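Line by line, the protein sequences give chains A and B.
The opening residue of the first sequence carries number 1 in this note's numbering; numbering runs sequentially from there.
The opening residue of the second sequence carries number 589 in this note's numbering; numbering runs sequentially from there.
Hints listed in this document are in silico derivations from the structure and should not be mistaken for laboratory results.
Hints are not guaranteed to be accurate.
[Claimed, not checked] Some chain B residues close to chain A (C-beta under 8 Å, calculated; not the full set):
#	residue
1	Gly613
2	Ser654
3	Phe655
On a predicted model such as this, the values are computed, not experimentally measured, just so you know.
Virtual Cβ for every residue (Gly too), placed ideally from N, Cα, C.
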Amino acid sequence: MINVTIDNKQIQVEEGTTILKAARKAGIHIPTLCYFELAGMKFENKPGGCRVCVVEVEGRRNLAPACATDCMEGMVVHTHTNRVINARRTVVELILSDHPADCLVCPKSGQCELQSLAQYLGIREIPFKGEQSHYRQDMSPSIIRDVDKCVMCRRCENMCNNIQTVGALSAINRGFSAVVAPAFEQDLVDSPCVMCGQCVQVCPVGALSEVDDTRRVMAAINNPKKTVIVQTAPATRVALGEEFGMPAGTIVTGQMAAALRRLGFDYVFDTDFAADLTIMEEGTELLGRISKFMAGDKSVRLPILTSCCPGWVNFFEHNFPDMLDVPSTAKSPQQMFGAIAKSYWAEKMGINREDLVVVSIMPCLAKKYECKREEFSVNGNPDVDYVLSTRELARLIKQFNLNLKDMPSEDYDNPLGESTGAAVIFGATGGVIEAATRTAYEVFTGKKLDKVDFTELRGMEGIRDAWVDFNGTPIHIGIAHGLANARALLEKVREGKEQFHAIEVMACPGGCVGGAGQPYHHGNSEIIKKRTEAIYREDLGKPIRKSHENLSIQKLYQEYLGEPCGHKSHELLHTHYFDKSKHVEISE
Amino acid sequence: MAVIKLSESKVNFVKEVCKSFNNDGGEVINVLHKVQGEFGYLPAEIQELVAKELNIPVSRVYGIVSFYSFFTMTPKGEHPISVCLGTACYVRGAEKVLDELKRQLGINVGEVTPDGKFSLTCLRCVGACGLAPVIEVGEKVYGRVTPDHVKDIIAEYR
Numbered sequence: 001m002i003n004v005t006i007d008n009k010q011i012q013v014e015e016g017t018t019i020l021k022a023a024r025k026a027g028i029h030i031p032t033l034c035y036f037e038l039a040g041m042k043f044e045n046k047p048g049g050c051r052v053c054v055v056e057v058e059g060r061r062n063l064a065p066a067c068a069t070d071c072m073e074g075m076v077v078h079t080h081t082n083r084v085i086n087a088r089r090t091v092v093e094l095i096l097s098d099h100p101a102d103c104l105v106c107p108k109s110g111q112c113e114l115q116s117l118a119q120y121l122g123i124r125e126i127p128f129k130g131e132q133s134h135y136r137q138d139m140s141p142s143i144i145r146d147v148d149k150c151v152m153c154r155r156c157e158n159m160c161n162n163i164q165t166v167g168a169l170s171a172i173n174r175g176f177s178a179v180v181a182p183a184f185e186q187d188l189v190d191s192p193c194v195m196c197g198q199c200v201q202v203c204p205v206g207a208l209s210e211v212d213d214t215r216r217v218m219a220a221i222n223n224p225k226k227t228v229i230v231q232t233a234p235a236t237r238v239a240l241g242e243e244f245g246m247p248a249g250t251i252v253t254g255q256m257a258a259a260l261r262r263l264g265f266d267y268v269f270d271t272d273f274a275a276d277l278t279i280m281e282e283g284t285e286l287l288g289r290i291s292k293f294m295a296g297d298k299s300v301r302l303p304i305l306t307s308c309c310p311g312w313v314n315f316f317e318h319n320f321p322d323m324l325d326v327p328s329t330a331k332s333p334q335q336m337f338g339a340i341a342k343s344y345w346a347e348k349m350g351i352n353r354e355d356l357v358v359v360s361i362m363p364c365l366a367k368k369y370e371c372k373r374e375e376f377s378v379n380g381n382p383d384v385d386y387v388l389s390t391r392e393l394a395r396l397i398k399q400f401n402l403n404l405k406d407m408p409s410e411d412y413d414n415p416l417g418e419s420t421g422a423a424v425i426f427g428a429t430g431g432v433i434e435a436a437t438r439t440a441y442e443v444f445t446g447k448k449l450d451k452v453d454f455t456e457l458r459g460m461e462g463i464r465d466a467w468v469d470f471n472g473t474p475i476h477i478g479i480a481h482g483l484a485n486a487r488a489l490l491e492k493v494r495e496g497k498e499q500f501h502a503i504e505v506m507a508c509p510g511g512c513v514g515g516a517g518q519p520y521h522h523g524n525s526e527i528i529k530k531r532t533e534a535i536y537r538e539d540l541g542k543p544i545r546k547s548h549e550n551l552s553i554q555k556l557y558q559e560y561l562g563e564p565c566g567h568k569s570h571e572l573l574h575t576h577y578f579d580k581s582k583h584v585e586i587s588e
Numbered sequence: 589m590a591v592i593k594l595s596e597s598k599v600n601f602v603k604e605v606c607k608s609f610n611n612d613g614g615e616v617i618n619v620l621h622k623v624q625g626e627f628g629y630l631p632a633e634i635q636e637l638v639a640k641e642l643n644i645p646v647s648r649v650y651g652i653v654s655f656y657s658f659f660t661m662t663p664k665g666e667h668p669i670s671v672c673l674g675t676a677c678y679v680r681g682a683e684k685v686l687d688e689l690k691r692q693l694g695i696n697v698g699e700v701t702p703d704g705k706f707s708l709t710c711l712r713c714v715g716a717c718g719l720a721p722v723i724e725v726g727e728k729v730y731g732r733v734t735p736d737h738v739k740d741i742i743a744e745y746r
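Hey, can you work out the whole structure from these sequences and the hints?
Quick look at the structure:
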């Protein structure tokens, strides 16, 4: 331990602690811009580039960046002297001098960390007039890049390369023209971007934001020819409340359903229904592969990999083209919902596919891309028409002068609204595989589970594994969240270093609760933990907690699908994957 | 599946260079240095191949190529012309020479003439300040150049 004095407070910290962390420990606020930490998720961005966190260190001639300067024995630090505050102000004024002043229409307005800083420092004019950077705007189905607003904090680059190992973004050029962009400044869609959107989640300004589909959705609702139905993903119900001032981890399932009805959706359904359906299909596929494997069939590909997460699907299509036959062929819950809504339900209701609009509320930005994949449409009509993020839904609710707090708790419509506790845990890392285990165990062993909670599959460790005893048959399960962890685990499997029966992967740290479409957490990983706890609370409160016991699902199989992984299921609920990697071809 | 099209000899050369650096991503600058030395520039396809061989994202390769002024994505002309803009050359009128070169060739700094004959770059000091202002065409150095000389110098290579 070493002793430092910060603003006349004596503090003891471990060696290697930065001034910033020591100050925070002592309750002293030092403003930051480029610095970003997601505690417990191994993500710390401290390029020391913005100089907003500068402090005075006695005996040092220059101001020191608190985020990138380690404490030393006997160090005396002043964080808020006149010199420091003036320097901070100049730094922010200089950043603002090359920043479009379009806060009024900026998608990050109100959540923008640069805007907050300018307010905090009381900046009322920008004294520096100079050149402004201009770059081409770029829009993928999920993400808008408007890098005129980039402040070169490099959080997105760090996230994209180190936490996700996607490698789509890099700092390019030098000096004034430096910016973060894909290789050759190509469009994101032409880069290895998987659209997980974590760059959007960490961007302090409006340089990276989500594609806004709210107006298209409202246009559909107001079109009298269309029947508009909505599904809500598991993780949205534990995060939407934050946008209305409720504490993180507040469950707002019923209020959300009520608000969606007030917005004008004709039927309010639940992606959880489709999550139960996913378990029926994916669980059956898993058991099928395990049974064949145990019968000595060496052609069976194990482990089975979950395929619910569209960011993850993109990732293995780009990075593991040799393993495209390993993941489950089951579509994601969102797409299963769309496929069933526009076949089974539409037929039942006598609605033409073309007159039915399916909207999803998702914690995710990759879902916006997923619904546009060609294989998820019939004659050009997509199974899911529009995807709104949790944030977009919050904006709509506010626009309609509704307050979630005042909403009554309402139920989902049936039949596509009935769900079990197994479905809601899809929203947290480890949840999909736990749900699958609950069903697979009972189907495989023919026995009832005494306890449905597999707590060994839960947690926040980036890579986890557990053995589950299927009545004498040990099943090895792996879990990864964050794509760097997924890559590490998959490489082990590819090299034959570790064997698993099943692996669950979620692209975003924490799983869908930490998704890029969720309310901004600004690096507070406690928020993600609170949402996760809420997910498991919601599961606990459900009367039925195993997917195969969902009565509406049972009815769907009896009336329409036949059996899991049967002919009709394959047609509607399964998909295939594409090689998106780059190949070198010899020309001439 | 995206395809990078390259000739066999280029693919082999790049693969050899990468191999000589143990396909180590940390050696990317050295690899790019060698590869540019062979091809004169680093087109996108070559950067894709280097990234693939070193198992690093192509965005990082491009980040490096676009950061260092030494690296270029523009092919050099058959006769690369470099104008010294070092202090000595500059005060003795290098800029006027450069302007005349731009005018006569019809290109800007960093560009190549449509026929591929000439490319134009600037540099800082070739160590011949006594001859200022200095230009280089390929390996040949021309000293005490004035705008009037430009036409004749270009004619030597037409």
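Satisfaction of the Ser654 (chain B) interface hint, Cβ to chain A closer than 8 Å: 4 Å, holds
Less than 8 Å between beta-carbons is the criterion; does Phe655 (chain B) satisfy it with respect to chain A? This interface hint holds because 5 Å falls under the 8 Å limit.
Quick check on the hint: Gly613 (chain B) CB to chain A CB, less than 8 Å? Gly613 (chain B) check fails; min Cβ-Cβ to chain A is 11 Å, beyond 8 Å.
The earlier numbered hint that this structure contradicts is number 1, and it is the only one.
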